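Student: Given next are the chains, with one letter for each unit.
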Amino acid sequence: MLHIKPILSSLLRSKSGPVLLLIQIILSVAIVANASFIIQERLALMQRVSGVEESEVLTFSLFNFDPLIDKTAQNKIDQQILRGLPNVIDATSTNMLPLSGGGWSSTFNLGPDPDSAKSTPQFAMYLGTDHTLETLGLKLIEGRNFYPHELKDNLDSPSRLAIISSALAKAIWPDESPLGKVLYEGKDAQITVIGVVEKLQGAWIDSSSLENSVIQNVDYGSSSYMVRAKPEFHAELKDAIKKALLAENPNRVLDGFKSIEALKDSSYRDHKLMITVLIMMVVLLLLITSLGLTGMVMFNIQRRTKQIGTRRALGAKKRDIVSYFLVENYLICLAGGVLGGLLAIQLGQQLMKIYSLPMLDLSYPLFTVAGLFIVTTLAVYLPARKAANISPATATRSV
Amino acid sequence: MFFYYVDLAWRSIKKTPVLSLLMVLAISIGIGITITTLNVYKMMSFNPAGERSDELNAVQLWSQGPDSWDELNSLVTYQDAMNLRNNTLPKRQAAMFRTGMALQTEDVNFAPILESIRVTDSDFFKLFDVPFLYGNVWDKSVDTEPAYQVVINDKLNQKLFAGQNSVGKVIYLNRKPYQVVGVIKAWDPKPKYYDPTNGAFNDTEQIFVPFSLTPIEEFDVWGNTSGWKFETMNSYSDRLNSEKVWLLYWVELPNKDAVTSYRSWLSNYVAEQKALGRFTDKKSAADSVKVSDVATWLEYNHVVPEDNKILVGLSALFLSVCLVNILGLILTKFLKRAPEVGVRRAIGASRAQIFAQYMVEVGMIGLLGGLLGLAWAYASLYGLSAQFEVSKGLTHLSASMWIITPSIAVGTALLAGLYPAWVVCRTKPSVYLKSQ
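One line per chain: the protein sequences are A and B, in this order. Residue 112 in numbering that gives the first Met the number 0 sits at position 113 of the first sequence; the count goes up by one each step and never skips. Residue 175 in numbering that gives the first Met the number 0 sits at position 176 of the second sequence; the count goes up by one each step and never skips.
The hints are simulated quantities; they were obtained by calculation from the structure and are not laboratory data. Hints are not guaranteed to be accurate.
[Stated by the list, open to error] Straight-line C-alpha distance at most 20 Å; calculated EDC-like pairs for lysine to aspartate or glutamate: (1) 117/A <-> 298/B; (2) 352/A <-> 298/B; (3) 241/A <-> 280/B; (4) 175/B <-> 264/A; (5) 281/B <-> 69/B; (6) 186/A <-> 230/B; (7) 168/B <-> 202/B; (8) 228/B <-> 184/A; (9) 352/A <-> 216/B; (10) 70/A <-> 69/B; (11) 186/A <-> 175/A; (12) 229/A <-> 184/A; (13) 70/A <-> 216/B.
No experiment lies behind these values; they were computed from the predicted model shown.
Next comes chain A alone, as it looks inside the complex (with noise of 0.2 Å):
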């Protein structure tokens, strides 16, 4: 038996302390849901996968000011160079670098008539060689590579070729292969697609067309270059690369050195800072939650060591003793969650109002709930249990 109602009858004749308790399990819940909503949410978009072999690839600048140089031979000669350092798996030239927060993003029509056809959905627009999808690790689940002679200097050629990846082909193309589909870039240019890459990330990890990319056949050079290798010869790798590339012409500046994994830990630093800050506070609200709540029971068992013994000289047994107070958390514990639970909805629809936030997930209250249960029944066990041991003699001795 649980005794229910002695326990709630004393609760409402000294109404000041439990009502304390349900305000502040009332604003734990609401705080708690919502935060660790949050925290889910931000660590669901760090755990996308890229489609890239993040630690293996290591990118960097490349800055000519030698105002004499072909940069379109030179290239060539600088991809050459780095294919050749040892332990380098593969190297491109790239104009943008995934995860990387900057870059190019376009769209093309699916028709050659600007004014009437439809636009694609938002893409990052790599331009790489018939070496990027190796350099990047990249899946190619339907179509070809490109040739190396198919290779553009710029992008002016009107008819170039597209590998996509595969969430920009559903989008464009839910039923059909996208192999030999042409795409339109104002009224000149034509792009045909052909390979399909099972992922590929764009640069902007906050961007909804994240997944969507597509990648010319444009040798796009002197700017950035990807080169992969095993992460443990990056170091070493990065002192070839620039005694290579500035022996081959030293009006160069070479910089940015980076991996792709340290570009995507630096674009997702405001996610990860966020998960910290809020992580830290529903720990810390967890605890002073529960020490509040040890204080308060220490007290009440104080006050009431009267109580408690003459319950005891009258035949209650420890274990009663200890229940009492459990319900009584229980009960506390019970309405809080409840009021919480609606509180804490109520806050996330005003977040998600105002800042765009997803709709707060239900099972996020009753998890805080059911934590809140855990954590006060340890914060009321252990100080209830010392009211147990209370000798019925001693307390009943100044009466």
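Given the coordinates of chain A, assemble chain B onto it according to the supplied hints.
Tutor: What follows is chain B alone, placed relative to chain A:
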């Protein structure tokens, strides 16, 4: 009397060390979290223009065609920037963008470095109150008749010329010689309000070159270039003649009237352009222009991330949990002392005196919690900046926090103490005298 209460409070705090510690901890953690998020928020929402916020205005134009972008871009086209520059209405004005070039000196052993550079007009420095150490900005005539002149900052001057007055010296940018005409003092507004479009908390550029050199030198654009329609871009002049937006435009308008007349001039300008076949959207000419002062501009560019606002909100809720928590603890503690209060009341203390005594005690706990909370905030800001490479400017505990923190802490504690102190001062002496 106050000091007597302080003494009493201290004794009482010492008498129940665990409970007092719990209360101080609760307040300090709440304060620590709140101050951490509030500090970052304050730093991010800081308006570096200060009093000049209203005078400095960024120009935005709805130059896109129908069914394209659905909001104003922060940037304008080169055509528009050049046309705006011809107007003499604003007191000062400057077009600008970011570029980068390889920097070399006359010293052949100096390894070339890639430097981020701001391309802008001479008014830039007066507009944004940039202080000069040596020399001055290039002459205003350079804005129309290009010359290879450059302004560098103190830090770069230290590196290149050992901090000497380097006016008249030459530096090489992409192997072209530029003559140094001025050296500016340390100047690094956070947020970088004159150009928040690529990293609102990035460092200021170290080199400034005249905007008029743009068509000649064809500077790379190290910022955003956005287009709303497809345009072939085979050469730099294609870029200059395109509808792509990539420049920021600032004007100084000393008062409201100036803003109004400038705005109407802009509307006329847009109307003219519409007649020439540009600005093809249905929007009226008057609706196609926006002139924002610094505060509005920072808001428009979302300089304070939404995450930050959420955190401030949640931490305020957190603080309220702490408040309720200590309220409970204080109530507990005070009720325990009711017999003592009974005696004091019996020998003549008034209710007001009892109330004051307990409020002093609560205030002291709040103060202790505030100080500890400040330490928490300091530590967590330090830890966060170390772990997340957040800009130093954001994690530096702002001076005002030394006053704000204890006030919030004491305020919170007093608020929490009101009810318990009121309960305890209503103690009837007779009850407790009897039971002894």
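Student: Determine for every hint whether it applies to the structure shown.
Tutor: Outcome of the hint check:
no.: 1; hint: 117/A <-> 298/B; in the structure: violated, 34 Å
no.: 2; hint: 352/A <-> 298/B; in the structure: holds, 18 Å
no.: 3; hint: 241/A <-> 280/B; in the structure: violated, 50 Å
no.: 4; hint: 175/B <-> 264/A; in the structure: violated, 37 Å
no.: 5; hint: 281/B <-> 69/B; in the structure: holds, 12 Å
no.: 6; hint: 186/A <-> 230/B; in the structure: holds, 10 Å
no.: 7; hint: 168/B <-> 202/B; in the structure: violated, 25 Å
no.: 8; hint: 228/B <-> 184/A; in the structure: holds, 10 Å
no.: 9; hint: 352/A <-> 216/B; in the structure: violated, 48 Å
no.: 10; hint: 70/A <-> 69/B; in the structure: violated, 38 Å
no.: 11; hint: 186/A <-> 175/A; in the structure: violated, 25 Å
no.: 12; hint: 229/A <-> 184/A; in the structure: violated, 38 Å
no.: 13; hint: 70/A <-> 216/B; in the structure: holds, 17 Å
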